[in-house]
Amino acid sequence: MNFWKKREGEAAGRRLEANTGVGESGDLELEQALENFRMSVHAWSDTAYSRPRTVARVVRHPSWRLAAGWALGCALAVGSVTGALHERNRRQETARIAAARVAEQQRLVREKQGLLREEQARAEEEDLLAKVDSDVSREVPSAMEPLARLMAEDERQ
Amino acid sequence: MAAGTAMEPMIRGTAKENAARELELAAEEFSQVVERHRPQIFRFLLASTRDIDLAETLTQECFLKAHRNWASFRGESSAMTWLMRIAINLQKDHWRNRRMQFWRQTQTNSVDMDEAGEWLASGESSVEKQLLAREQVGHVWAAVKGLSERQRTVFLLRYVEEQELSEIARATGLNEGTVKAHLSRAVGKVRAELGGMR
Numbered sequence: 001m002n003f004w005k006k007r008e009g010e011a012a013g014r015r016l017e018a019n020t021g022v023g024e025s026g027d028l029e030l031e032q033a034l035e036n037f038r039m040s041v042h043a044w045s046d047t048a049y050s051r052p053r054t055v056a057r058v059v060r061h062p063s064w065r066l067a068a069g070w071a072l073g074c075a076l077a078v079g080s081v082t083g084a085l086h087e088r089n090r091r092q093e094t095a096r097i098a099a100a101r102v103a104e105q106q107r108l109v110r111e112k113q114g115l116l117r118e119e120q121a122r123a124e125e126e127d128l129l130a131k132v133d134s135d136v137s138r139e140v141p142s143a144m145e146p147l148a149r150l151m152a153e154d155e156r157q
Numbered sequence: 001m002a003a004g005t006a007m008e009p010m011i012r013g014t015a016k017e018n019a020a021r022e023l024e025l026a027a028e029e030f031s032q033v034v035e036r037h038r039p040q041i042f043r044f045l046l047a048s049t050r051d052i053d054l055a056e057t058l059t060q061e062c063f064l065k066a067h068r069n070w071a072s073f074r075g076e077s078s079a080m081t082w083l084m085r086i087a088i089n090l091q092k093d094h095w096r097n098r099r100m101q102f103w104r105q106t107q108t109n110s111v112d113m114d115e116a117g118e119w120l121a122s123g124e125s126s127v128e129k130q131l132l133a134r135e136q137v138g139h140v141w142a143a144v145k146g147l148s149e150r151q152r153t154v155f156l157l158r159y160v161e162e163q164e165l166s167e168i169a170r171a172t173g174l175n176e177g178t179v180k181a182h183l184s185r186a187v188g189k190v191r192a193e194l195g196g197m198r
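Protein sequence lines, in the order shown, are assigned to chains C and Y. 157 is the number that our numbering gives the last residue of the first sequence; the numbers go up by one with no jumps. 198 is the number that our numbering gives the last residue of the second sequence; the numbers go up by one with no jumps.
Okay, chain C solo, but in the shape it has when bound (with noise of 0.2 Å):
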């Protein structure tokens, strides 16, 4: 590699002249490491220029492709959430209906009882009827004969 080239001198001092203050003050060292900085890069860019470069194959899908993947991502999707709430409506009637048939059944429970109840009372009201019938249509002691005599006389006058 032939980087050094013999123009170091007079190029670096018309290059650091300008309004950097880098001629006027004679830095020579400052001159030179300028030069050596620039040669350096120019060297290291021109080997990276040259370089054989490898490129790697982009596989590029066709954009069919892409877009019968989204359609079908879309579809899927759109699948999910509608059998999702299918689902969820399908259980709520499900819950409704078993609720409903719960209620009828207690409620014919409740008629049942109560019936069973009405004609428990019924039948207690006559028990005390007859009791009360039978109590009223007893004869009179016979211990008691004089004095009901007695009234029956008192009556007549």
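The hints are simulated quantities; they were obtained by calculation from the structure and are not laboratory data. Certain hints may be false.
Claimed, not checked - Simulated crosslink set (SDA-like; lysine to any residue; CA at most 25 Å straight-line):
1) Y:K65 <-> C:S50
2) Y:K180 <-> C:Q32
3) Y:K145 <-> C:D27
4) Y:K92 <-> C:H42
5) Y:K145 <-> Y:E162
6) Y:K65 <-> Y:L23
7) Y:K189 <-> Y:S148
8) Y:K145 <-> C:D46
Stated by the list, open to error - Example chain Y residues on the side facing chain C (calculated, C-beta under 10 Å, incomplete):
9) R38
10) I52
11) L132
12) H139
13) V144
14) V190
15) L194
Keep in mind that this is a model prediction, so the values were computed, not measured. For glycine and all other residues, C-beta sits at the position ideal for the given N, C-alpha and C.
With chain C held as given, fit chain Y onto it using these hints.
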């Protein structure tokens, strides 16, 4: 009237041909610009990033952008200045988009400063001179590392690309006074760094 109607397809055909020819010329002109300026743009981006792959990518982007806007290039500045302006903006955008600090983050992919300084070979100089040159280059890289983004850009354009102050001002969008100030500060830092060598 009839003659005019008959001429119309011919005129239209010629206009189409002219447009095609113009396009062809523009493409040819652009490919010449690419061939002429590509190494320089790459070099500037390489020095700015110290990352060969990144410099190549940004160079590609620079010419892609230039190609898209080639029609709007009115030649007010030279093509090189125009391209350099695109390259500077691309480099700025790159770091801004990645929300990275300019130099620190390049260290992940960029070559080491010592390695960058290795690029100094000579068949003519003595071993001592080469060693001294290598050391100097290493110190300049170290100083460049400490520069702000603007100072670095201005410094590289001046001392690597050897551009005039007016050209740098046009490429960076700064005025010449600001360019001078940045350059002066950058050189001051390089001088201080070299002072530490002694």
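Results of checking the hints against the structure:
In summary, the hint linking K65 of chain Y to S50 of chain C is supported, as the alpha carbons are separated by about 23 Å, within the 25 Å threshold. A threshold of 25 Å between alpha carbons decides the hint, and for K180 of chain Y with Q32 of chain C the separation of about 21 Å falls inside it, so the pair holds. Proximity of K145 of chain Y to D27 of chain C is assessed by CA-CA distance (about 22 Å); at most 25 Å being required, the pair is judged to hold. For the hint pairing K92 of chain Y with H42 of chain C, the CA-to-CA distance comes to about 22 Å; that is within 25 Å, so the pair holds.
As the CA atoms of K145 of chain Y and E162 of chain Y are separated by approximately 20 Å, the hinted pair is consistent with the 25 Å bound. Taking the CA atoms of K65 of chain Y and L23 of chain Y, the gap is near 17 Å; set against the 25 Å cutoff, the hint holds. Straight-line distance between C-alpha atoms of K189 of chain Y and S148 of chain Y comes to about 11 Å, which keeps the hinted pair within the 25 Å bound. A C-alpha spacing of about 22 Å is found between K145 of chain Y and D46 of chain C, which places the hinted pair at or below 25 Å, so the restraint holds.
Annotation: interface hint on R38 of chain Y holds; nearest CB of chain C at approximately 8 Å, less than 10 Å. At about 5 Å, the closest approach between the beta carbon of I52 of chain Y and any beta carbon in chain C falls short of 10 Å, and the interface hint on this residue holds. Hint status for L132 of chain Y relative to chain C: holds, with the closest Cβ pair at about 9 Å, below 10 Å. Here the hint on H139 of chain Y is kept, as its CB sits about 7 Å from the closest CB of chain C, short of 10 Å.
Because the smallest distance between the Cβ of V144 of chain Y and any Cβ of chain C comes to about 8 Å, under 10 Å, the interface hint for this residue holds. With 10 Å as the threshold, the beta carbon of V190 of chain Y comes within range of chain C, its nearest partner Cβ sitting at about 7 Å, so the hint holds. Given hint, L194 of chain Y at the interface with chain C, holds; its Cβ is 6 Å from that chain's nearest Cβ, closer than 10 Å.
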